[in-house]
Amino acid sequence: MAQVAEQAQKYVGGGILRKEDPELLNGAARFIDDMSIPGMLWVSFVRSPFAHATINSVDTSRAASMPGVKGVYSGTDLADEWADGLPCAWPVTEDIKAPKHWPIAKDKARFAGDAVAVVVAETRAQAVDAAETVDVDYEPLDVVVDMEAALQDGATKVHDEFENNSSYVWNLDVGEVDQVFNDAAVVVKERYYHPRLIPNAIEPRGVICQPNPAQGEYTLYSATQIPHILKVTLALTLGLPEQKLRVVAPEVGGGFGSKLNVYAEEATCLALGRKLGVPLKWIETRSEGYLATTHGRDVIQDMEVAADENGKIVGFRANLLADMGAYLQLVTPGIPILGAFLYHGVYDCQAYSFTCTGVFTNKTPTDAYRGAGRPEATYAVERIMDALARRVRKDPVELRRLNFLEPFDEAREVITGLSFDSGNYGAALDKALDMFGYDELRAEQQRRRDAGDDKLLGIGVSTYIEMCGLAPSQVLASLRYVAGGWEAATIRCHPTGKVTVITGTSPHGQGHVTAWSQIVADELGVDFEDIEVLHGDTAISPLGMDSYGSRSLSVGGVALHYAAEKVITKARTIAAHELEVSEEDLEYSSGTFSVKGAPDKSKTIPEVAFSAWTAHNLPEGTEPGLEETHVFDPPNFTFPSGTHLCAIEVDTETGMTNILKYVAVDDCGTAINPIIIEGQVHGGIAQGIAEAMYEEAVYDENGVLMTSSMSNYRVPSAAELPTFETDRVETPSTTNPLGVKGIGEAGTIASPPAVVNATIDALLPLGIDHIDMPVSPERVWAAIRNASGSSVDARGTDATAAGSGVGSADTPGGEA
Amino acid sequence: MRRISLTVNGVQHEGMVEPRQLLVYFLREQLGLTGTNVGCDTSTCGACTILVNGNAAKSCTLLAVQADGAEITTIEGLASNGEMHPLQKAFHENHGLQCGYCTPGMIMASLDLIANNDDLNDEDVRIGLEGNLCRCTGYQNIVKSVQQAAGEMRSPAST
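Top line first, the protein sequences correspond to chains A and B. Heads up: the first sequence runs through residues 1 to 816, numbered per my numbering. Heads up: the second sequence runs through residues 1001 to 1159, numbered per my numbering.
Since the hints were made in silico from the structure, they are not lab data. One thing to keep in mind: the hints can contain errors.
Claimed, not checked - Within a straight-line C-alpha distance of at most 20 Å, the following computed SDA-like cross-link-like pairs (lysine to any residue) qualify:
no.	chain 1	residue 1	chain 2	residue 2
1	B	LYS1144	A	SER717
2	B	LYS1089	A	ILE675
3	A	LYS189	A	GLU309
4	A	LYS189	A	LYS312
5	A	LYS19	B	MET1084
Next comes chain B alone, as it looks inside the complex (with noise of 0.2 Å):
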């Protein structure tokens, strides 16, 4: 056993973790922050993603190992005082979820995707949510979310 130390949605957390513990399993079943979701077993549908130090990774991919001293954002940290972060509020008004599995993943990857680029056509959102598979919106959804949303968190009235 390994003891590891983070910091996940602003609050310090230590823990004893087996070397083969994934960070997901870490984050869900010792921290209870179930909102990660796990999908499949080949990194592929995104489901798991999180910000590991503000970058979008998916948590089934790296070792709870991996985590330590990290500074982790899961969907659980997103609200603040009670109110939805612009893109949870962006895929409830544009109807971005169905089943809601593949969401906190969607979200934490548009989270990224919209602070790494300033300009983002919908094609541009269509790419960088490739590795984010969901089953039920076709997409269209999503999308037109996440440009809300971009929209929202870079004009300074939303601010």
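Okay, chain A solo, but in the shape it has when bound (with noise of 0.2 Å):
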């Protein structure tokens, strides 16, 4: 409705500092771990030190007669519990190769950290001394951690049922892409590696199941962040009927997509709460969680471009493969699949192509991580792009210029099917450049060259875009995936003024509570600090889809925009009662219905809600209480945009690297509050950095994990990461009245190849023009030491290294 648009904003569109912080600075916020319950036992679980092994036997006597020793199940122990293994909700094709997934492996460990018995007891030392003791016999296999030997004929097999490490093929073909690029004046193809990533929230996971064998109903407490989605799956994995289970996510420390899973701690915890009928607590530490919490990326891209010879492109066409690990995480193979439509960035083109080979390896299962295919999609195209440049001796900002869609403020339909919400390329690109001050940048870097300084200066471009708002659900049916994509929420106007908001999407971090409270004080006229926002909580939010993709604000704020306006709507129709004359003559502005011409007769939400509760003088066929739900399907997704620029200082002596400026420009639409979007804009851009500079998991030939604990995985502090110049454009998304795109993932995707682009621009002089992430210094060094044909260490090109053999550091790209 109008009305509601009409609005003087109040708090929308400004920088409300958060509700949620005062309880998080004193420390009395309630994260998992820091809930207990009376008569509450500990859970530890027994993992495989192998990669893949037989499990011959578990003995468990010496374990079980450990002090304050519960119970000690093996998988076989459990094996009864299951209605089914975990669930995969994304079977990309119809010929997916899915296994069970049994919570405590029965008879094979997959990967190093595959559980394969639990031990209860009273005490959290207790249940790991007990741990300890679990005699396993283990008889070890041939084990596969890279994907191109996973893929060769006779390779190991991962799973024995299937007769490949393959578990799909899935591929998307529009136009005559054979023909254009056999055609194409100019062909450029890379090949571009992913680095394995973990993804580090700060708080670890954990679990608390609360059995009430009174009732036969259960509660599991969860670091989580899809309360509602653990409900519906383990019921279904336990055969546990749902209307007996009850979820709640309490306060989340940071999730970044590694808490949007069902795991086999939840189901175990939940399964031994049900035969115990006690208490359990499990508490992941951070080493066990390097193992056993999903990890992100993984993927090798063969990226291709076709153009004219002045770089005017016509085609792009990707070959991936995608490594899923040892088994199918909630949405393991639907990650690549979330980039599939995303390979022509936010350039026009005539032919398409993009194929995806899913791979079992003997590692830990891959699944979502902050951007989810969308990273790695931004990535090769904006990769390509500057090998495109060099090809064709242009700019990168000019190339990228040349083949942007022209500015559109209505949907339009692009090459993969899509239908863009909005979009305007080049009035980000034009602002960044401006607080980038590129011309200087560019200068200097020439000053440098001719020069022949030994600190090098490279800019990189990111011009990039993604797609959030997750999702109208027939197109995720379309796509084989088993849930919906809507949202829902609640507004609940109390008689005394105060408003109660249930919204189905978990924060975890975000601050949805605050930008909640903005939209429904704007819109009802209530005083913000009157508003509370309940989440997390099944009994409280029955409805909810939760929160990942960037969705919450532009499907669940939207289902909060249209649950306000249905509370107008009915408020309207009271106050016109209550002041005696018809709907028509009443306006309303900022909560207050007013009379046409006599302002002074008027009635506020809160004194029509009130009027609903006491119920006195309602028109006929309306009901007592004032409180509205709606449940939004989007009918699209959105796509946020944007340009990213960073200039990198290379020493050519040592391979330090530094970055001396980095802008961020981005479009997601109508702002609802800028500090939050500033914030998520500086996490995520850290987070792609971290991928680019700083962060790989490496796994050994024998499948053990390397950087198996924080101290040699290199998450970035402060010391490593520069300070972020952030501006927007807006141009409001035709999907949602609300104008919203979401702004979780764009840093984290727009960053890498802004990053990676820049350290090669640097190098170019000395002809280097590729290095995989993380562009190291070591990795920097020893390319640099390769191009002068000088010999390399054998440190300098690390052969444990996962981005060798892939397109290392000694490899230059496709294209001189």
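Since each chain sits alone in its own frame, please combine them into the complex, following the hints.
Now the structure itself:
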């Protein structure tokens, strides 16, 4: 209704400080490990040290006799607890090979960290002590770690029941792809590798199961992003009546996709709670999490672009190998597919091809990690754009402008069949170039090159697009995702004038309580402080699809807007009745209905809420109470975009790199809270820079995770990161009435190619045009040494690095 | 079991602890001060940072018995008379936290940093907080928060 859109906006668009902060700042917030229940026992898991091994036997007798131990169970002991294996909700093709995934392995361990037994004891320490005494007789098997090796004939199989290690092949071809590539004046092909990443939410995972045997009910507390999805899926896995299960996400300390899953530990704690009838708690240790919590990325990309001799693009072709790890977790196979439609970026083309092969290896399963599929797409597109610019001898900015889709403020269909909601890619680019001082930096770059400076300067450009707002349920159906993409919101107007908002989103740091309060405060004209936002408890918010994929605002926030409209509609009926005028004679503004021409005759929403509660004088057919729910199924995705620019100084003597300047101009549509947006952008960029420069989960040839703890997997600290300069352009989304697009992942999606393009740009005078992520000083140094013909110390080309053999530092890319 | 006696946030406590008991779990599980969080098992993340005799320390790296006789401050001891400490206020005003899990440790480390350095530039703050990891904020607003608090804590007007 137009009446809502016309409201004076007091809060929306303002940099409102967060309501969530006080209890997080004074230590009162309750994270999972802060909770305990009288009589609670502790759970500890026994995990396979081998990446692939037959489990001959599990001897639990010694552990069972340890102090405080209440039970020790192998996978076989718990076999009858499961109605089904752990769920994979996204079987992306009809013929996908999806193995049964039992929470506790029975016959074989398929990655180092696979749980093989579980111990229940009176204290945390007793459970851990006893777990160490469980005697598992393993027979080690050959291991497959490398995706390409896993696909070769005769490779060791991760799952014996399948003919090979290929889980699926997913393909999308549009246009005359082969012909376009054959006829093109210029074709550039490169190979890229996305390191395997460990998400590292600072709060580890944890679970508490509280059975209520008298009622046959269970409450499962979990550090999760997805309490609602957990309730449905765990009910299925355990054969538990869903109406007897309540799932609560307490305060959750970050997720980044790693808490978007249905984990063995959640299923096992629930099963043990059912079996033993007592409360149980499990808290992950960080090093345990490195093995047992899903990893991200680990994708090889063969990327091609076809263009005319001026660099006008005619086609994109991408061929991916994506490492699934040993099992398919909740959405493992679908992660690369979330990028499948974006391998043409913001550029026009006539032919498009995307193919992805999902590969099983004896490694921790992969799944969503901030950006999920879209960082992969953006990286390939933006790297190949720079390679094409070099080939056709154009400035990378100029090449991008030449190929941009024209600005549009109505949805437009692109080559993949998707409809981009709105976009003005040149506007973000212009603003970013201006903030960056592009011309001056190019001049400085040239000056250093001319002077033979040993500190070279490089400039990296990334003009990205992503898709979020997951998602139209029917589109999800066509992609074979088994759930819907809607979101629910309820607004309850109390007779005292206070308001309770119930949302199906499940925040874990994003500030939904604040942003949702802003939206409702403006639409209903109530005070920001008078609004309570409840979330993350299936008993309080029975309807929800939770938080991931930058969906919360553009689906859940929009559901809230529609719920507010319903509240206003009902309130108008009551107000008109009380004021003895027709509904058409009422004007609505900032929470007040007033009679046209007689503005002193009015009713506010709180006044109407009181009338609706007393029900003394309601119009015929109007139910008492003022509470409305709306479930919103979005008609389309949203497509945030923008430009990120990075200037890097590379010390050619040492390989050290230093980000001198980082500028981000993002278009997330209409802004609800610029402070929160900026925070999301900062954090996203930091995680993208971490991927580009620092982080990589490295396995040895035996499938042992070498980066096995926080002390040797390099999560950057404040000292490793620069200051970011950020700004926005706003092209309102046409997908929803709020015009919002989403901002949770943009920074992570945009930044890796900006950083890597900048590093390569610095090194071009040395003949270096390719280095794989993470672009560490060691790799830069090795690339410089190789380029100058010097021999490289063995440590310079680390044989255990996952990037080696794929396109490591000493392998120049496809184009000179 | 060993008997220890220590002062936490100005209150005297006695407790019986296993010799292997980590200080962080004594604070969290025996004293119920759950504001101090545990984020790793390698003394890397700094979420468990507290003040021991006025100096920042990672409480997952100390045994409870080592804190016998010590004077300890945790995040719960910062606010006074319901008023946020300048660091808490600055983190709030500068959006220096998102999920908030690293925040207590980050604030306690910042307290030590400010107390021991008269003049901090942004780079000093970044290096000074190297032992505290945050995955949400990208640190920029944390640096801003620390700088604002440092200014307020040194300004006589604010005391």
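Here is how each hint holds up against the structure:
Proximity of LYS1144(B) to SER717(A) is assessed by CA-CA distance (about 15 Å); at most 20 Å being required, the pair is judged to hold. Between LYS1089(B) and ILE675(A) the CA atoms are separated by roughly 16 Å; this keeps the pair inside 20 Å, and the hint holds. Using a Cα cut-off of 20 Å, the hinted pair LYS189(A) and GLU309(A) holds, with the two alpha carbons roughly 15 Å apart. About 16 Å separates the Cα atoms of LYS189(A) and LYS312(A), which keeps this hinted pair within 20 Å; it holds.
Taking the CA atoms of LYS19(A) and MET1084(B), the gap is about 14 Å. The hint holds against a cut of 20 Å.
Violated hints: none; the structure is consistent with every hint.
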